[in-house]
Amino acid sequence: MTPVRVLGLGSPFGDDRLGWIAVENLMLSDGFRALPEGFVSAQICDPVGNNLLESMRGANLAILIDAAQSGSAPGTVRRFDARQIEDGTEPCSSHGFGLSSTLALGRALNDLPDKVIILLVEIPADAEFGPANGLSAPVAMAIPDLTLAVLNEIAEWTARGICESVRSSA
Amino acid sequence: MNERREIKINVPVLARVEGEGALDLHIRDGRIENLKFSIGEPPRLFEKFLEGREAFEVPDMVARICGICPVAYQMSAVQALESLFGWRSTPWIEAMRRAMYCGEWIQSHSLHIHLLAAPDFFGYSSAPEMARDHPDEVRRGLRLQSLGNELIRLFGARSVHPVGARVGGFHSAPPKDRVEKLLDRLRAALPDAENLVAWTATVEVPQDRQDFISVALRHPSEYPLYSGRIVSDTGLDIPVDRYEDHFKEHQEPHSTALYSLLEGRSYLVGPLARLNLNWDRLPEPVSSTLAKTGIPFPSRNVFHSMLARAVEIHLAIVEAIRLLENYEPDVPFVSGHTCVGSGFGCTEAPRGLLWHRYDVGEDGKILKARIVPPTSQNQARIAEDLHRSIEAFGLDRSDGELRLHGEKVIRNYDPCISCATHFLKLKVTRE
Numbered sequence: 011m012t013p014v015r016v017l018g019l020g021s022p023f024g025d026d027r028l029g030w031i032a033v034e035n036l037m038l039s040d041g042f043r044a045l046p047e048g049f050v051s052a053q054i055c056d057p058v059g060n061n062l063l064e065s066m067r068g069a070n071l072a073i074l075i076d077a078a079q080s081g082s083a084p085g086t087v088r089r090f091d092a093r094q095i096e097d098g099t100e101p102c103s104s105h106g107f108g109l110s111s112t113l114a115l116g117r118a119l120n121d122l123p124d125k126v127i128i129l130l131v132e133i134p135a136d137a138e139f140g141p142a143n144g145l146s147a148p149v150a151m152a153i154p155d156l157t158l159a160v161l162n163e164i165a166e167w168t169a170r171g172i173c174e175s176v177r178s179s180a
Numbered sequence: 326m327n328e329r330r331e332i333k334i335n336v337p338v339l340a341r342v343e344g345e346g347a348l349d350l351h352i353r354d355g356r357i358e359n360l361k362f363s364i365g366e367p368p369r370l371f372e373k374f375l376e377g378r379e380a381f382e383v384p385d386m387v388a389r390i391c392g393i394c395p396v397a398y399q400m401s402a403v404q405a406l407e408s409l410f411g412w413r414s415t416p417w418i419e420a421m422r423r424a425m426y427c428g429e430w431i432q433s434h435s436l437h438i439h440l441l442a443a444p445d446f447f448g449y450s451s452a453p454e455m456a457r458d459h460p461d462e463v464r465r466g467l468r469l470q471s472l473g474n475e476l477i478r479l480f481g482a483r484s485v486h487p488v489g490a491r492v493g494g495f496h497s498a499p500p501k502d503r504v505e506k507l508l509d510r511l512r513a514a515l516p517d518a519e520n521l522v523a524w525t526a527t528v529e530v531p532q533d534r535q536d537f538i539s540v541a542l543r544h545p546s547e548y549p550l551y552s553g554r555i556v557s558d559t560g561l562d563i564p565v566d567r568y569e570d571h572f573k574e575h576q577e578p579h580s581t582a583l584y585s586l587l588e589g590r591s592y593l594v595g596p597l598a599r600l601n602l603n604w605d606r607l608p609e610p611v612s613s614t615l616a617k618t619g620i621p622f623p624s625r626n627v628f629h630s631m632l633a634r635a636v637e638i639h640l641a642i643v644e645a646i647r648l649l650e651n652y653e654p655d656v657p658f659v660s661g662h663t664c665v666g667s668g669f670g671c672t673e674a675p676r677g678l679l680w681h682r683y684d685v686g687e688d689g690k691i692l693k694a695r696i697v698p699p700t701s702q703n704q705a706r707i708a709e710d711l712h713r714s715i716e717a718f719g720l721d722r723s724d725g726e727l728r729l730h731g732e733k734v735i736r737n738y739d740p741c742i743s744c745a746t747h748f749l750k751l752k753v754t755r756e
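Sequences listed follow chains A and B, in order. Residue 11 is where the first sequence starts when you use this note's numbering, and the numbers rise one by one after that. Residue 326 is where the second sequence starts when you use this note's numbering, and the numbers rise one by one after that.
Source of the hints: derived by calculation from the structure; they are not laboratory data. For clarity, every value in this text was computed on a predicted model and none was experimentally measured. Note that CB positions come from ideal geometry on N, CA and C, so glycine has one too. It is possible that some hints are incorrect.
To be verified - Examples of chain A residues toward chain B, derived with CB under 8 Å: (1) Asn60; (2) Leu63; (3) Glu64; (4) Ile95; (5) Gly108; (6) Ser111; (7) Ala118; (8) Leu119; (9) Pro123.
Claimed, not checked - Listing some non-contacts, in silico: residues in chain B with all C-beta distances to chain A over 12 Å: (10) Tyr449; (11) Glu454; (12) Asp458; (13) Arg468; (14) Asn474; (15) Ser484; (16) Pro578; (17) His579; (18) Leu692; (19) Lys733.
Bound-form chain B, shown alone:
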C-alpha cells in the first residue's frame, strides 16, 4: 500500500503522569520506524536561581522543586554541602534524616500504587472509579499516604515543602510525645504494609522481560536511602563524587529534559533498580514478606516496579520504627565554617537516584549548582521500553489501544516530568 495513512490523535490528558509528555509513533510495514517520547515542559532554571545564594538557603529552595519528593532534594543538598564543609553529622542526625526520608517513600509510593498505577492493571480509567469496586484497597493507600505525610511533618512541620531540614541537621528535635504517638501509628500500619506486598504480587502484570541496566546506591549494611556508593549491575561501583566521570547528560531536540546515559547506555533508577541491586539488604520481616510472594529478585520485568514500591513501603515502616524506637531528643544540628570548593551529594529519592553538585565560592555563596533528578535519568530507558513494549503488544492494535498501552508503560516509571500541565499527544503514522 503506497498511500500514506496518517492518523493524529490528540489526547487532551495523559492522566496520572507528571507534566507534558508526547509520544510520536511512526509505523512502517508493521514495524516501528521511529518512536519519540518527548518532554515539552519549559525549563525551570532552578540551578540558575541557586547561583549567588548563601549555602544555608539551598535546602529551602530545592525543596520547592518537587511537592512529592522535597525531602529527597533537601537531603541530597545538605549532604553535598556538609561533605564540602567537612561538617560531620552525628548518628542522631543521620538516623532522623533516614526516618524523615522513610516518610517520603511511604507517602509517594502509596500514592502511586493505589491512585495512579493500580487503576491501569485493574482496567479502570481513574482512582475514583476503582475506589467504587475496591474501596478497602484504596482506603489502605490513603491511610499509608497519610502516615508518610505525618512522618514528614514530624521533622518538617508540614508535609509539602517541609521546612525543618537545614545544612547541618534539623532546626529542632521533635518532642518525645509526638514521636511516641507516631510510633504507635507506624506499628499499627505493619499489617497494611504486609498485605500490600502480598496484594501487589497478585496483580496481573504483562510478562515482559527486558534487558536493562539497574543503577542505585549501595550501603555496606542498610537498604540504601540516604547514603551509599553508586553501583550498577554491570559492575559500576563509585563514590558519589565520581558520578560525572561515568554519567553524561545531553540534550535531544525533541525534549526539554536532559537525557542521561551511563557510558553511552540508557539505565534504570528507582524502586525496581534499587531492589534489584539491594534485595539482600532487606531486613526482616521485609525480606520474608517478599519471599512469600514467590517473585524472585532481581527481576527483568519493569512492571514489577509496583511490587518493588510496595516492598519499599514495608521497608520504610520497619525502618522508621527501628530508628524512632527509644527516641530521645538530641542536639539537632552541627555547624562550622563554609569553604571554597565542590561538594557532591546523592540520595535515593522515591523515583531513584538524585545527584547534586554545588560549587561554593570564598564568600560562602553558590557559584554553580547541578541537579540530576531521577526522571531525566530514566528518560532514555522509558523511550527504549516504549519501543519494545509497544512492538510486543502488537502494532496492528487500534490507535486507542496503542495509546493506552504506551501510557501504562510510562506511568509504571512514575515519571515526575514537572508540576505543570499534563497531556500526551499521540501521533501515529502508519505506512
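Just chain A, with the same shape it has in the complex:
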C-alpha cells in the first residue's frame, strides 16, 4: 500500500499495450529504482471500473498511463488532472465501464486519491490492435519522455509535500 501508484492501462494488443510497456520501462529505469522502498509501486491494470478503484485505494497520488486517439500527432504525450476527464454521463455497461465513468464514480464515493494524474499518449488513427504486434514507431519513441514525465510528476508531488510539511511545522 504505497502512497504513490503508477498504473498502466491497456490490453495486450498493438498500440493499446502502451500503458503496460510504459510501466515495464518505468520499473527498469534508474530514476524509479532510486526511489525509496515502499514509496511508489507500479502495476499494469486490465479492466477499468471497480478493479481500477481498488488499485488506487489508499494512495495519495495515482498516475494513470493510457493510449488515446484524439487526432493529435501520434506519440504526443498529454497530461490531465482526473477532474478534467471525469464524466458520470459517459455510457457504461457491465462490459464497458470506461475510465471517465470510473473516475466519476470514485469521485462521487470519495474514493479517489488526493491527486490523480492521467498521462495519455496519442496512438495513430489507423493503429491496429492485432495480437503481439510491437508498438508503432511514434508511440515507442514517446516512451522515454513518458518515463521522465512520470518521474517528474512524482518528484514535484514529493517536493510540494515537503514544502507543505515545512510550512505547517513553521
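Use these hints to put chain B onto chain A, whose structure you have.
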C-alpha cells in the same frame, strides 16, 4: 388524421446495456402496429473458430466470448467434452467448479444491480450520479463485486478471462491459506448480502404481471448452477442432450443474433426464471431472508429480476462458504482419452441457460461447435415484453418517455448483446 407524422430519434447511447440495439416502434391509431427489437452487432464466429481445434483448447477460447461470464462458457464447455469422453470428475472438482461459478454470479449480479439497473428505479441517468446520493449502496455493490472477482481469481488466476479451468478440472488446486483468507471475506459479506436482498425488495418497481414461460436447470437437491436437467413451468423436463429436440433457433431479418423458441414460443431464462423454478431449492438462511421480504415466488413480474439477482448473490455467498469450509487441496483434474462423438453441456450463466454442443472427430479435434447463449434465448421474450410494457405505459407519452421506458425494460434483462458498440436507435412512427 391522415397526415403521417414520423419522428426519428437517434439516441447516441443506450447506456448500461451491452451491444448495439435498436428499437423500431410504429404506432397507429393509439396502438402498436409494429415493434422490432433488433440486434445489429456483427457475428463473432466463435463456433467457426473452434473447428479444427484440439478439445483441450476449448475452455480458454470460449472464455474470450464474454468478459463478465467467462466461467460460464468454460464450465458448459468442459462439461460437454467430459461427458463425451466419459471422464468422471471427482466430488472435489465438482465442488470447486461450483465455488468458482459462485464468484461469477456474485460479481456479475452485483455489478448489474448497483451500477446498471438501480439507477433506473431511482430516477438517475447513471451510477456515478446515483452514487452521490446513495454512496453506501453503491459502495456495497463494489465490495460485493470485488469479492466475486476474488473468488474467480482464486481458481482462475485473474477475474477477466480466467485461465485456471481445463477439460478434466483445474490446472492447480488453490493453496489452503488463500482459501482461508477468502472464507473470512465471504463470511464478512453475509450482512451485505442480506441487506441487499431486503433493500432490493423495497425498491419500487412497475407492477406489471406478464404471462411467460420460465426455463432453467433443476437439480435434485441444489439450487442449479453447474448441473441439472432442463425444466420449464410448462412441464418440460429433459436431460441437456435433448435440448435440440425442443428448442429451435432461427434468424430474423432485422437481427444478427439468433432467436430461440421453445416449441414455437418465447421463453425467459436468467435469475427470475431460475428462482421461479427453484425457489424451493434455496438453502437457509437464503430462503428465510427472501421470505422476510414478503414477495412471493414464482413471480410474474419481470421487474422482480433485480430481487432475484440479489437472492442469488446471497445464495452464492452461502454456497461458496459451504463449499470452501474445511477445504483441503486435492488432485485438481482427471484425464483420459478423447473419443469421437457429440458432447452436450449446460450450466446456468448469470444471465441464464448456456448450452453447448461439440462434435469431436477421430483426431480429438472439434468438428463442429454450437453455443446457445442466454441473450439469444431471451431475445424473443424481450421483444414481447417491450410490446406489452410500452402499451401498458401509455402510447400517448412523449418519445423521450417511451424511449426511457423501453430502455428500462431491456436493461432489466441484463442483455449481453456483444462487447462492441452501444446504442439504441429509436424510431417512432405515429399515424
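Consistency of the hints with the structure:
{"no.": "1", "hint": "Asn60", "result": "holds (5 Å)"}
{"no.": "2", "hint": "Leu63", "result": "holds (7 Å)"}
{"no.": "3", "hint": "Glu64", "result": "holds (6 Å)"}
{"no.": "4", "hint": "Ile95", "result": "violated (13 Å)"}
{"no.": "5", "hint": "Gly108", "result": "violated (11 Å)"}
{"no.": "6", "hint": "Ser111", "result": "holds (6 Å)"}
{"no.": "7", "hint": "Ala118", "result": "holds (4 Å)"}
{"no.": "8", "hint": "Leu119", "result": "holds (5 Å)"}
{"no.": "9", "hint": "Pro123", "result": "violated (16 Å)"}
{"no.": "10", "hint": "Tyr449", "result": "violated (9 Å)"}
{"no.": "11", "hint": "Glu454", "result": "violated (5 Å)"}
{"no.": "12", "hint": "Asp458", "result": "violated (9 Å)"}
{"no.": "13", "hint": "Arg468", "result": "violated (9 Å)"}
{"no.": "14", "hint": "Asn474", "result": "violated (7 Å)"}
{"no.": "15", "hint": "Ser484", "result": "violated (7 Å)"}
{"no.": "16", "hint": "Pro578", "result": "holds (26 Å)"}
{"no.": "17", "hint": "His579", "result": "holds (22 Å)"}
{"no.": "18", "hint": "Leu692", "result": "holds (26 Å)"}
{"no.": "19", "hint": "Lys733", "result": "holds (15 Å)"}
The structure shown violates the earlier hints numbered 4, 5, 9, 10, 11, 12, 13, 14, 15.
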